[in-house]
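Chains as they are written, first to last, in the working numbering: chain A, 1 to 589; chain B, 1 to 128; chain C, 1 to 80.
It should be emphasised that the hints constitute simulated quantities derived from the structure, not laboratory data. Among the clues, some could well be false.
Which bits of chain A does chain C cover? Going by a derived footprint, with three or more residues having C-beta under 8 Å, they are [stated by the list, open to error]:
id : region
1  : 187 to 194
2  : 233 to 245
3  : 251 to 258
Every value quoted in this text rests on a predicted model; they were computed, and no experiment measured them. Every residue gets a Cβ at the ideal spot worked out from N, C-alpha and C, and that includes glycine.
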Amino acid sequence: MTMLGYQNKVLRLQMTEGRSSTEPLRMDFAEKYIGQKGLAIRYLYEELPPGVDALGPENKLLFTTGPFTGTGVPCSGKLSVAAKSPATGTINDCSIGGHAANTIKYAGYDMIIVEGQAEKPSIVIIEDEKVTFEDAGELWGMGAHEAEKRLQDRFGREYVFLVIGPAGENMVPMSCINSDYYRQAGRGGIGAVMGSKKVKAIGIKGTGGLSVADIKALKDKVIKYQQEDVHQDDNNFVFDAGTTAFLEACQDGGILPKRNFSDATDEKWTEYNGDVLLSKLAGKRGCGSCGLGCGNFIQWEDAIVEGPEYESIAVAGPNADVSNPYDILKFNQVADDMGLDTISAGDVLIWAMEMTEKGIHDFGIRFGEADKMREYLKLMAHKEGVGADLAMGVRAASDKYGGQEFAMHVKGLEYPQYEPRGSWGMAMAYATSDRGACHMRAYAPNEEVFAASIPPYTAEGKGQMVYSLAEFNAVKFSVCICDFWATVTYDIMADLLTTVTGKEWAPDDMGEVGRRVINIARAFNQREGFDRKDDTVPPRIVKEALASGPASGQMIPREAFDDMLNQYYDVMGWDENGRMPEDLIKSLL
Amino acid sequence: MKRLKFTKNLCIGCGLCAQMCSANKEEKVWPKRARIFIETSYDDGKLVYHDHYCTLCGICVKSCPEEAITLNGYLQVDPEKCTGCGVCAEKCPKKVIRIREDLAIMCDTCEGDPTCVKVCPQHALRFE
Amino acid sequence: MITIKILLRGTLPKYWAGEKERTIEIPEGTTCHEALKSQGIDYEKIPRFGFVAVNGMRVMIHQELKDGDELKAYSKVSGG
Chain A
1 MTMLGYQNKV LRLQMTEGRS STEPLRMDFA EKYIGQKGLA IRYLYEELPP
51 GVDALGPENK LLFTTGPFTG TGVPCSGKLS VAAKSPATGT INDCSIGGHA
101 ANTIKYAGYD MIIVEGQAEK PSIVIIEDEK VTFEDAGELW GMGAHEAEKR
151 LQDRFGREYV FLVIGPAGEN MVPMSCINSD YYRQAGRGGI GAVMGSKKVK
201 AIGIKGTGGL SVADIKALKD KVIKYQQEDV HQDDNNFVFD AGTTAFLEAC
251 QDGGILPKRN FSDATDEKWT EYNGDVLLSK LAGKRGCGSC GLGCGNFIQW
301 EDAIVEGPEY ESIAVAGPNA DVSNPYDILK FNQVADDMGL DTISAGDVLI
351 WAMEMTEKGI HDFGIRFGEA DKMREYLKLM AHKEGVGADL AMGVRAASDK
401 YGGQEFAMHV KGLEYPQYEP RGSWGMAMAY ATSDRGACHM RAYAPNEEVF
451 AASIPPYTAE GKGQMVYSLA EFNAVKFSVC ICDFWATVTY DIMADLLTTV
501 TGKEWAPDDM GEVGRRVINI ARAFNQREGF DRKDDTVPPR IVKEALASGP
551 ASGQMIPREA FDDMLNQYYD VMGWDENGRM PEDLIKSLL
Chain B
1 MKRLKFTKNL CIGCGLCAQM CSANKEEKVW PKRARIFIET SYDDGKLVYH
51 DHYCTLCGIC VKSCPEEAIT LNGYLQVDPE KCTGCGVCAE KCPKKVIRIR
101 EDLAIMCDTC EGDPTCVKVC PQHALRFE
Chain C
1 MITIKILLRG TLPKYWAGEK ERTIEIPEGT TCHEALKSQG IDYEKIPRFG
51 FVAVNGMRVM IHQELKDGDE LKAYSKVSGG
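Start from the sequences and build out the full structure, keeping to the hints where you can.
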């Protein structure tokens with residue numbers, strides 16, 4: 001059936017020929033995968049032959065909304081940005097906030113697919129059904145912030161822009177796509193895919209509306225859920241503190257990484273915590289349709305950023321042995337402007353610090369050298385000098401120079417800032433995540449560390465635990481609802497989906513979709529040759545014990561890690577090599 | 001008389017006010033066709049608030065050449081008298097009024113029970 | 001009897017009408033769970049109860065307290 005809430009239209013930008021076309025949405029895909037993450041991966045599974053060069057013209061960059069996008073469902077304003085990853089070779093779906101998702105929907109589209117490769121650096125301007133291709137001109141080479149400002153000045157505030165910085169232009173495999181200056185589609189080199197197509201920016205203006213199945217019921221339910229569920233302390237702490245709220249919990253929980261994951265607590269955490277950073281709060285911001293408002297707009301001298309988020313704080317702070325809040329903010333600002341993922345860029349820099357201090361290879365940067373970190377971000381964005389090697393990520397750099405023991409990544413995507421020796425299930429979550437080491441697939445610390453009685457330092461029960469978390473996020477990011485509406489349930493999702501689309505969705509359907517989304521992502525990777533051998537854990541985690549905090553003395557024995565993997569494969573119905581049987585793959589299509 | 005009140009530092013720029021306003025008044029979720037337009041944006045390293053909402057100042061009532069607009073707790077446009085001339089839209093200091101198909105479209109606070117206030121996440125909008 | 005300090009984090013202060021800190025006297029051998037329960041915070045009844053830390057380190061909820069301990073209780077967090 002044709003579900004409402006969708007525009008039932010896909011816009012294809014064929015960059016090689018500089019033209020566009022539209023087509024109906026694959027409603028059959030939407031019925032199984034709903035939207036955003038799931039829908040994007042299903043499309044990519046269909047349209048990308050295996051073995052495609054992620055930086056070549058055959059890769060496709062998908063900007064995907066969902067049925068909730070633009071309808072006013074609270075916390076639905078995120079946009080999926082997906083492609084094959086040049087960092088890992090796996091599927092990669094990112095999620096960017098801001099206002100692009102809603103605007104794309106109001107312009108009349110469910111999805112924008114960018115294909116091919118432009119001859120010259122270009123921008124694409126979309127005003128409802130009107131699409132124009134232009135030379136990027138002097139925008140090419142500019143920082144993402146300056147470029148967005150120029151575009152805003154020229155086209156006006158009604159447009160939203162998706163922009164890459166120099167890092168994306170130079171196809172750095174840890175480059176991101178920005179919007180609204182301070183929001184990113186961050187990981188896996190998604191910016192490099194846009195840069196490989198020579199697209200500096202896409203501007204969208206959307207003046208239309210969208211039909212839903214029962215608009216009066218939708219209005220009543222939006223108000224009801226916003227007042228009764230979204231707006232409670234368990235979600236609203238992000239308005240008060242944003243993700244800075246995680247710092248103290250991670251410190252006490254013993255999972256705050258220090259000096260390239262050598263340890264997991266930092267006695268200096270009060271020097272850069274939320275109280276300190278938020279003392280310079282200049283405003284709050286949320287995405288389109290947000291019911292909370294997690295964005296902290298900070299002005300600290302010339303360090304101006306909407307952020308920093310926990311990941312950026314931890315990687316540029318304790319993990320780099322830096323404790324000055326200005327330095328952390330400035331790192332974030334420079335990374336945003338260069339168009340670099342703070343997690344990966346930070347991780348490769350702290351790896352380089354350890355390499356230099358251990359005398360394995362002198363990268364000319366040591367722990368605590370915050371100024372150098374900012375300088376190196378610019379070198380990495382331009383692949384210049386020492387930045388040329390570092391820009392390629394810890395896996396490539398350690399393959400070349402050694403130091404693989406403490407190159408913290410899975411499949412070539414650098415480790416997020418939660419120490420898995422203090423949260424064993426997280427090691428397996430990082431290993432089995434669809435795009436390499438990612439904390440947004442299964443957020444294990446919430447069950448193992450920020451929980452009263454589940455022991456973190458055991459493999460027992462972790463297969464099912466990680467699966468439940470992964471299933472929930474997979475469907476949540478396909479309908480989509482933002483992570484920070486933490487208390488949303490399958491009941492609420494199904495109720496709103498039915499009200500919007502007109503199709504009867506049951507709460508049990510949500511779990512099924514979640515499982516299906518995990519599987520379609522795995523099927524994509526399997527077709528690219530990934531299996532158990534790639535679901536890895538860095539040597540540091542299985543060989544070195546933590547020195548401080550509640551997890552002191554902990555490391556994850558190899559057998560325990562293997563046990564967790566076996567449990568997970570079992571729960572998923574994959575074989576002992578982590579491979580899906582043919583009939584399971586067929587059932588997804 | 002109750003009016004809409006807006007507190008900047010509680011506004012997160014979500015646009016739910018316009019989205020639900022349009023859901024209440026139009027057949028589609030169509031924020032460009034709402035009767036309230038509040039947004040925030042970044043400009044030159046600053047966070048800027050663009051708050052277009054009806055304050056019941058009454059200027060539209062006074063300036064209408066056809067006397068088509070009345071105010072009795074909330075604004076009402078008589079479609080028989082309104083010619084769509086656009087003077088009210090031009091004079092509206094908050095730039096809320098729109099002219100569509102020869103008719104002035106303006107905020108009637110949902111007849112004294114404003115939807116935007118109910119959905120505003122951090123209560124930046126109040127009716128008092 | 002021993003003396004401990006309790007600190008509340010996250011959304012838990014709502015159980016103390018916004019108060020975040022208390023110093024109380026408890027019998028020797030009282031567990032974190034029992035101490036909190038005596039102050040109206042029962043982890044078994046609070047769905048989004050998170051974890052406890054003693055003197056800045058996470059411990060299991062049934063750990064016994066000692067004189068002078070600082071007990072911090074958190075609600076769950078999400079995301080990253």
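The hints, checked one at a time:
| no. | hint | in the structure |
| --- | --- | --- |
| 1 | 187 to 194 | violated (count 0) |
| 2 | 233 to 245 | holds (count 5) |
| 3 | 251 to 258 | holds (count 4) |
Checked against the numbered hints listed earlier, the structure breaks hint 1 alone; every other hint is satisfied.
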